[in-house]
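K.L.:
Chain by chain, the residues:
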Amino acid sequence: MSANVNTALPLEYQTEQNRMNILGFWIFLGAEIILFGTLFAVFSVLNARYAGGPTPKDLFEIKDVMVETILLLTSSFTCGLAIYEMRRGNRNGLLLWFIITLLLGAGFVFMEVTEFIHYVHEGATMQTSAFLSSFFVLLGTHGLHVSMGIGWATMVIIQIFKRGLTPVTARKTFIIGLYWHFLDVVWIFIFTFVYLARMVA
Amino acid sequence: MGINWHDFFIVGNPLILGSQIAIVLTMVGIVAGITYLKKWKWLWREWLTTVDHKRIGIMYILSGVLMFFRGGVDGLLMKAQTSRPEMKFLDAQHYNEIFTTHGVIMILFAAMPLLIGLMNVVVPLQIGARDVAFPQLNALSFWLFFSGAMLFNISFVVGGSPDAGWTAYFPLAGKEFTPGIGNNYYAVALQIAGIGTLMTGINFIVTVLKMRTKGMTLMRMPMFTWTSFIASVIIVASFPIFTVALALMTFDRIFGTHFFTISGGGMDMMWANLFWLWGHPEVYIVVLPAFGMFSEVISTFSRKRLFGYNSMVFSIVGIAFLSMLVWVHHFFTMGAGPGVNSVFSITTMMIAIPTGVKMFNWLFTMRKGRIELTTAMLWALAFIPCFVIGGVTGVMLAMGAADYQYHNTLFLVAHFHYVLIPGVVFAVFAGLYYWWPKMFGHMLNEKIGKIHFWFFTIGFNLTFMPMFFLGLDGAVRRSYTYSAESGYAPLFLLSTIGAVILAIGFGALCYNIYWSARYADRNISNDPWDARTLEWATASPVQFYNFAKLPEVKSIDAFWYMKKHNEGLTLKDEEVEEIHMPSNSGLPFYMGVIFGITGFLLVFEWKLAALVATVGILAGLIIRSFDYNDGFHVHKDEIKKTEKAWRSVNKGVNNHVS
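Respectively, the protein sequence lines represent chains F and E. Those letters in the first sequence? Residues 7 to 207, by the working numbering. Those letters in the second sequence? Residues 241 to 898, by the working numbering.
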């Protein structure tokens, strides 16, 4: 399995096991799309059921959400730069952009947690109404994914420090890249359908 | 946190007390037995840490048979309770718990592992691979499944069983109407097992797409591999929906959210929709691999190539596609209106088309074939008429307007048992008799097998045929008793008698496994059935590296072609090369344990403790991330020795039918 190494391909695609891992991860992302799709469907069913509780107009503040969005979108861009540096075989460039990506991600998570705490202080908890239940669970699932991604990527950064750029570390980095961009796409949908659409309606 | 300690162990019911004692005695017996035989090390090294797809498959099958027994006992208890009007054997609450666990266990913890187990054993062999794409992930899938199954099974002695039906409809399944912790078991245990299943799906998709041997194009794959592949696609497409539904149920029950509640703006019927968005594809996840097994068995024992191979492939893809578009037919009575109901009526009926294609293909495969009536073939033969009854009544139920009459009656119960028992259980039995020599190196006894077959099929028809008529007469499902004036008594009694016969049939299988393990002839060849696909090209039982030299495929029924053209059957010494294999790992077992502990704490709503336990899960993930074990190489000498052992002797099957 690990025998046939094709050095003509990018580092992360060189071994058969790597190619299988990457394909497997694409399929996993397919499952993730279904998972988030279901959460979006649930939100779209429940999003006007306030049960006398606060409505989006009472809660959402576009400025904070905008900052979160910019942080996450920028992190997706820097993640792309990291993979670009990896393809050029520049380990330090990869690490630099990779760490910047995670810092931006951490900033996003921090902003989101602050936002949630703020809502809870205003009396909008996930127990308040069906709308808020679906809101918190949809965004919480996304936020948890980003947090897990940060932890996971930290492990991989340690491995790159220890082992340098090998087919294995390159594959792990590449897969995290796929994951990171995916979470960014999910956020674009959240920003559009949860925040923007609910604020203009 | 609201759980009283005196509710922890269920006391006061003699049946449950008996079970508790039996469980404790069995566990003590197992531990004592292993210690006495000094088998702990062997158990750990050879089984608990294995990443070998064949052993994982065997563990799946073993758990599946055990769970089938547990689910079967539940079924017998229900039958005992309804054998006569106004029986006092079980009370209503206990009956509720038993039909709930019967349904969940039979579908998720018996049918699924039996099929996934056979997939594990057979698919890599059929495509000429040495393992699945991700061997360690495969072990993790198994241990998560096992952990979920055990968590679900302890519910009836620790804390109380779920009791809202296997569909767990809201609002009944919510905290408001089912305040105990029983339904937490449902939400958490199925979640853990479901994660394992999702990983299996991903694993098998990649295995089939990437690990086929040279010449094994997609349209040369054996039908069982095709159906397993499509079932894996359906798993990936539908299990995330269940993951979300169960998570929302957990939030509703444990964290007080309002997804499916009546108060707070929740919507109870959304559960039914989400559940069946997964639940209906789930039916095809279990039935498609079963169809594949029948295809293999019918083709082998008719001595013919499978008729209409291409149409077979297109039908399974068609069934997979349609399976996603029919979920509303489970609740036509929701009141979605005639427009919506009509659409789902039509999509449902459309499933009969590809299924009918498959039926005719099987019949035409047998036409002019030289049919050999082995036990495996008998199951396949019995499957066809029984499944057609299930299918035709399914089309009856598919008519939205008529469904208002059948809904929630025993007619429906009879229908889905007529689909699932011939469609899945018969298939698994056929598969077990067929592939047993590949797994264990000896055959199952054909004579006992035939006793098993006749008792089981007669018992099955006797149990469920009366239910059609009871249902048409208005007997509702999930009702723990009925009055003498209803006039249901004779048919209910007949059904109970059938269940006893069916149980005797299952007992014959258990005896057969025991008898064959002790007495069956070990001197069998690699190909005792004169079969057609690649798994028979290598030793029985299969050596851990599967193939010394990966076979090259030139046609459908690759091994048949090899035999007819005498190609690739022998192995020269110089063809042997070192083989790279993955190492064993204790991590999947650890993950199963820690997931089980976390789940248990969550079931009891000890949220803080559960949070602490998740640190254990994260620790497992981190260890895995830093695990750079690249496996090991099998030396040429060892391969030569192993290959000589099964190739040199000219083995034939002696006296396996005794």
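What the hints contain is simulated information worked out from the structure, not anything from laboratory work. Remember, predicted model here, so these are calculated numbers, not experimental data. Certain hints may be false.
[Unchecked claim] Derived DEER-like restraints, expressed as beta-carbon distance ranges:
#, chain 1, residue 1, chain 2, residue 2, range
1, E, Asp508, F, Lys168, 20 to 26 Å
2, E, Lys884, F, Leu15, 37 to 43 Å
3, E, Tyr409, F, Ile39, 50 to 56 Å
4, F, Ile39, E, Lys876, 42 to 48 Å
5, F, Ser50, E, Asp331, 30 to 36 Å
6, F, Phe195, E, Asp331, 45 to 51 Å
7, E, Ile611, F, Val191, 53 to 59 Å
8, E, Thr573, F, Met205, 37 to 43 Å
9, E, Tyr409, F, Gly36, 36 to 42 Å
10, E, Pro419, F, Lys63, 21 to 27 Å
[As the list claims (entries may be wrong)] Partner residues are not named here, just some residues of chain E that face chain F (Cβ under 7 Å, in silico):
#, residue
11, Gly312
12, Ile442
13, Ile494
14, Thr497
[Said to hold, decoys possible] From the derived model, a few chain E residues whose C-beta atoms are all more than 10 Å from chain F:
#, residue
15, Gly441
16, Leu449
17, Val484
18, Ser503
19, Gly699
20, Trp755
21, Ser825
22, Ala853
Just so it is clear, CB atoms sit at the ideal spot from N, CA and C, and this is done for glycine as well.
K.L.:
Now tell me, hint by hint, if it's right for this structure.
P.N.:
Against the structure, the hints:
In this structure the supplied range 20 to 26 Å is violated for Asp508/E paired with Lys168/F, their Cβ-Cβ distance being about 53 Å. A hinted range of 37 to 43 Å for the beta carbons of Lys884/E and Leu15/F is consistent with their spacing of about 39 Å. Range check, Tyr409/E to Ile39/F: Cβ separation about 27 Å, and the 50 to 56 Å hint is violated. Here the CB-CB span from Ile39/F to Lys876/E is close to 46 Å, well matched to the stated 42 to 48 Å.
Evaluation of the 30 to 36 Å hint for Ser50/F and Asp331/E yields a failure: the beta carbon distance comes to about 43 Å. At about 50 Å, the beta-carbon gap between Phe195/F and Asp331/E stays in the expected band of 45 to 51 Å. Checking the proposed 53 to 59 Å range against Ile611/E and Val191/F shows it holds: the Cβ atoms sit about 55 Å from each other. Between Thr573/E and Met205/F, the C-beta spacing of about 39 Å keeps the proposed range 37 to 43 Å intact.
In this structure, Tyr409/E and Gly36/F break the distance hint of 36 to 42 Å, their C-beta atoms being roughly 29 Å apart. For Pro419/E and Lys63/F, the Cβ-Cβ distance of about 36 Å falls outside the hinted range of 21 to 27 Å, so the restraint is violated. The interface hint given for Gly312/E is violated, since its Cβ lies 33 Å from the closest Cβ of chain F, which is over the 7 Å cut-off. A distance limit of 7 Å between C-beta atoms decides the matter here; for Ile442/E the minimum to chain F is near 5 Å, and the interface restraint holds.
The interface hint given for Ile494/E is broken, as the beta carbon of that residue sits about 12 Å from the closest beta carbon of chain F, more than 7 Å. Checking Thr497/E against chain F: minimum C-beta separation of about 4 Å stays under 7 Å; hint holds. At the 10 Å boundary, the C-beta of Gly441/E falls inside the reach of chain F, the nearest C-beta of that chain being 8 Å off. In this structure Leu449/E is not separated from chain F by more than 10 Å, as the shortest Cβ-Cβ distance comes to only about 7 Å.
Distance check for Val484/E against chain F: the nearest CB is about 4 Å away, which does not clear 10 Å, and the non-interface claim fails. With a least beta-carbon separation of about 7 Å from chain F, Ser503/E fails to lie farther than 10 Å from that chain, contradicting its non-interface assignment. Gly699/E, annotated as away from the interface, keeps every beta carbon of chain F farther than 10 Å; the closest lies near 40 Å. The beta carbon of Trp755/E sits about 40 Å from the closest Cβ of chain F, which is more than 10 Å, so the claim that it is off the interface holds.
Consistency note on Ser825/E: stated as away from chain F, and its beta-carbon is indeed over 10 Å from all of that chain's, at 15 Å minimum. The beta carbon of Ala853/E is kept farther than 10 Å from every beta carbon of chain F, the shortest such distance being approximately 17 Å.
This entry does not satisfy hints 1, 3, 5, 9, 10, 11, 13, 15, 16, 17 and 18, going by the numbered hints stated previously.
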